[in-house]
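Please work from the sequences and hints to get the whole structure.
2 protein chains.
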Amino acid sequence: MNQPEATVGDLGEQGILDTILPLLDSRTANLGPGDDAGALNVQGTEILVSVDTLVENQDFKLIWPSGLEHRAYDIGWKSIAQNVSDINAMGGRSTGAVISLSLPPTTSLEWVKDFAQGIADAINALGAKELTILGGDLGKSTEISVTTTVLGETAHGKILRSGAKPGDVIAVAGRLGDAGAGLSVLEHGSSATTWSRAVRRIAEAQCKPVPPLGSGPRAAEAGANAMMDISDGLVRDTARLAKSSGVSIDFERQVLQKFAARLAPAAQLTKADPMDWVLHGGEDFGLLAAFPADAEVPEEFTVLGVAKARSGRRSLVTVDGKTVTANAGFDHFN
Amino acid sequence: MNQPEATVGDLGEQGILDTILPLLDSRTANLGPGDDAGALNVQGTEILVSVDTLVENQDFKLIWPSGLEHRAYDIGWKSIAQNVSDINAMGGRSTGAVISLSLPPTTSLEWVKDFAQGIADAINALGAKELTILGGDLGKSTEISVTTTVLGETAHGKILRSGAKPGDVIAVAGRLGDAGAGLSVLEHGSSATTWSRAVRRIAEAQCKPVPPLGSGPRAAEAGANAMMDISDGLVRDTARLAKSSGVSIDFERQVLQKFAARLAPAAQLTKADPMDWVLHGGEDFGLLAAFPADAEVPEEFTVLGVAKARSGRRSLVTVDGKTVTANAGFDHFN
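Read top to bottom, the protein sequences are chains A and B. Quick note: the first sequence uses the UniProt record's numbering, first residue 1, plus one each step. Quick note: the second sequence uses the UniProt record's numbering, first residue 1, plus one each step.
Since the hints were made in silico from the structure, they are not lab data. Only a predicted model underlies this, so the values are computations on that prediction, with no experimental measurement involved. Treat the hints loosely; a few may be bogus.
One copy or two, either will do: identical chains are not told apart, so a pair holds if it fits within one copy or between any two.
Said to hold, decoys possible - Computed list of lysine to any residue pairs in SDA-like fashion (alpha-carbon distance at most 25 Å, straight line):
{"no.": "1", "residue 1": "K113", "residue 2": "L23"}
{"no.": "2", "residue 1": "K129", "residue 2": "E46"}
{"no.": "3", "residue 1": "K113", "residue 2": "L54"}
{"no.": "4", "residue 1": "K61", "residue 2": "G246"}
{"no.": "5", "residue 1": "K140", "residue 2": "F60"}
{"no.": "6", "residue 1": "K258", "residue 2": "I63"}
{"no.": "7", "residue 1": "K113", "residue 2": "R262"}
{"no.": "8", "residue 1": "K61", "residue 2": "P105"}
{"no.": "9", "residue 1": "K258", "residue 2": "N327"}
{"no.": "10", "residue 1": "K140", "residue 2": "I63"}
{"no.": "11", "residue 1": "K113", "residue 2": "A6"}
{"no.": "12", "residue 1": "K308", "residue 2": "D320"}
{"no.": "13", "residue 1": "K140", "residue 2": "P105"}
{"no.": "14", "residue 1": "K243", "residue 2": "G12"}
{"no.": "15", "residue 1": "K140", "residue 2": "T19"}
{"no.": "16", "residue 1": "K322", "residue 2": "V306"}
{"no.": "17", "residue 1": "K140", "residue 2": "E204"}
See the structure below:
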């Protein structure tokens, strides 16, 4: 059992949730098994709800070790991007948002303007054309913190993580590994002044992610059995989808290598294996979807592999048949 | 014009909003003129949305100057209370919530349990019986921060701040001044060990507010023309309602004094004038409502005064005909 002196850092996210959820038991009837967004039934229509927080020095650094300044614009952009991605991953369209912003009083007004412009531009550029800002909250803090809640609707009913079946084709839309590679170059000491245009683009994938909106509803229309966005890394998130669905999933290394090849400029700079970013990098907010073998997979999806019946009691994620496990380091508390 | 070096501390909340809102212009079509909650139309049903953030050392102190420890339970309670209050103030019922919690990794697991219990108990004890927790977010920070978003619905259409008419009766339900008095005793150096039971109850009004749920929908049924919750103080919030409605509002000192009399134990301790708490204290989350003169005001409301036609171009708040203005110090950034 837990010691009274246990800390949230000891337990990690799942341990904390395992502690909290029983206390809220009677109040969480609609809470899905870890899906990207919650759902509320309103007069027969299902409203999707997603919330995410960005905190200074945890989710971004105002000045990265590479020397790059993190723009307020990008913080505004990402706070929208990661939440509309969650709605997208359920096959939905984002319709409304509220934003709570906590700021040190010394923050410049220019910073706030730049932040708001990033929000407005993300909504437009990502194509969340039905999204309206419904309200917000402003307050004081010692570190910058932004919490955005996005509401959405689906036309075809929501797509869960749990519906993948043996024989399904597993495919991805959007970027894979770019944001992870971007994080590595941003963290790479004092290098920003030497970056090539290609490296700068990779860094931007971390600061200003582009989830493939539109692909969520298109995948739903094409008959996807299961879907989620990749926020914590391909292997970690695929393992969640596989476990929820009771299947194993095998990827083809050759296809993954095509994604890795695009990250060569970052790998040269940081002396890393780019395949690590493809397998374990988070925050690209690409879509991972399982389609029936006879479905017409929308063209922006790349088929990475297949779902298989489990051979034992555990759901496995394999690459060319060889088991891979998630890197440590993606739990927000570990 | 704003200087480039202007800070959010210089501008205050309204100045920041005046900067942000034009940038989000095309995206804020549904944003009301400062009402308690935003609204989203879902297939003909109006969904109300409210968000509020509590930040350590801004909205609560883990140990107050008086020596009182602020319980995690109360933080969970208040994060629910202040948002269901916003929905209540629109005449609505709360139906769903998402909660984002940012914590230092050294936070004890007991703290998290206590926090979750406060959430569950607030939902039950305040009577938000349709409220379901739909999801949340957990992350790391150096200071504790909780952002709760609550969704709601109304049966009779939402009640705005802007509908008060000359001749309307102005009434309040719930506490008035208690939370402000509570804040004063909590801040009163090293006094907690000497508190009487009455003072402890007043301190609790700050830590664990009890918005009068049920009174919002009842006021709506009784035909209230305008409504809002009192979160920033009676005078400040009444001025907002008066300005939105284009009226002036006059209160009777004799009635306000009855509320002040209840705060005598706190006033004795801190050598304060309890009328200051009644006029300027925030966070009781009582309901301020304007009823037509011939309406049957629900019995839990106390009539404080009347709305009058403006004599000049400005909306005034008066007590026995004498103008009162809001204290400084309630802007989150000033």
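Worksheet entry | List of violated hint numbers, smallest to largest | Those not satisfied are hints 4, 6, 7.
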